[in-house]
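**Q** Work out the full structure, taking the sequences as your base and the hints as a guide.
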Amino acid sequence: MSSSDRIEKDVLLPVPRSQAWAAIGDSAEFGQWFNCRFEGPFEAGKELRATLQEPGYEGFPFVVFVERVEPERHLSFRWHVNHDVDLDGDYADEPTTLVSFDLEDADGGTRLRIVESGFDAAGEAGVKARERNAPGWAIQAERVTAHVTEAA
Amino acid sequence: MSPKLRSPAARGAAGGASARVFAALGDRRRLGILRRLAAEGGPLSITRISEGADVSRQAVTKHLGVLAEAGLVRDERRGRERLFELEPGPLEKARHDLEAISARWDRAIERLRRHLER
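These protein sequence lines are chains W and G, in that order. Residue 127 in the working numbering is what sits at position 127 of the first sequence, and the numbering runs on without skipping anything. Numbering-wise, the working numbering comes out as the position in the second sequence, counting from 1, plus 1000.
Since the hints were derived computationally from the structure, they do not count as laboratory data. Keep in mind it's a predicted model, so treat the numbers as computed, not measured. In this text, a Cβ means the ideal position worked out from N, Cα and C, and glycines have one as well. Treat the hints with care, since some could be wrong.
35 Å max Cα-Cα, derived DSBU-like pairs, lysine-lysine [what the hints assert, rightly or not]: (1) K1093/G to K9/W; (2) K1062/G to K1093/G; (3) K1093/G to K46/W; (4) K9/W to K46/W.
Derived Cβ-Cβ restraints for the label pairs, each shown as a range [to be verified]: (5) E1110/G to G89/W: 31 to 37 Å; (6) A1039/G to D90/W: 42 to 48 Å; (7) V15/W to R1074/G: 49 to 55 Å; (8) D1106/G to D107/W: 19 to 25 Å; (9) E1051/G to D105/W: 47 to 53 Å; (10) H1096/G to E39/W: 30 to 36 Å; (11) H1096/G to V15/W: 32 to 38 Å; (12) S1056/G to G89/W: 40 to 46 Å; (13) D105/W to T1047/G: 52 to 58 Å.
**A** This is how it looks when you write it as structure tokens:
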């Protein structure tokens, strides 16, 4: 598993870089092909709520944490690895992966590189989050045991 | 909203067992140990696993602990020795999870292409 930590896609888009950028950097246009709707524009440091527009999943909410925006060149954001994150709760420790889009001029159009990375670190964070929550479960288990033995 | 709905980030990639597998695989030494076990095709003692590797036996033991917790190796006792063997299941699942994410991106890229053609 030489690349258990990242997924890379290299695409040649037959359009000028400014047109490719419009489809990436503009969150409204991004949503048109990605099948989601963002509540605002991509801005560095912003946390954006979004909903899926995929048939069968309409309205399903998620969140992205925008990292860096370099017009005509680069967009990156983080999103959660788990699909059951409670967005009304505290999700500060929930593991994320980093998604980045990089554009370069190329023969015949624009080269787009998409990288999703950090699965290992997300795995580590997920493990740590679970270990932090573990004592809570142990206490619950004790309570159940005490309750059951009392009743016996 | 149906609890069965999955977010775009959903790939079965994390949560529970998969998270431990990804974390376990994120270390070069641990990958080396897995390769060693895969090459052997049978159980090996810590001594044998540590042979030739520029890592202390103590470090190997610690790495094996992480791998065992992720379900990537299983151990058995043979007399006074503990032997370790590769467990292919979790590795396959992790590979499958990443392939699923990769395929999702392929589909998204196809939609991007069609979008740009308009």
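**Q** Quick check: which numbered hints come out false for this structure?
**A** none
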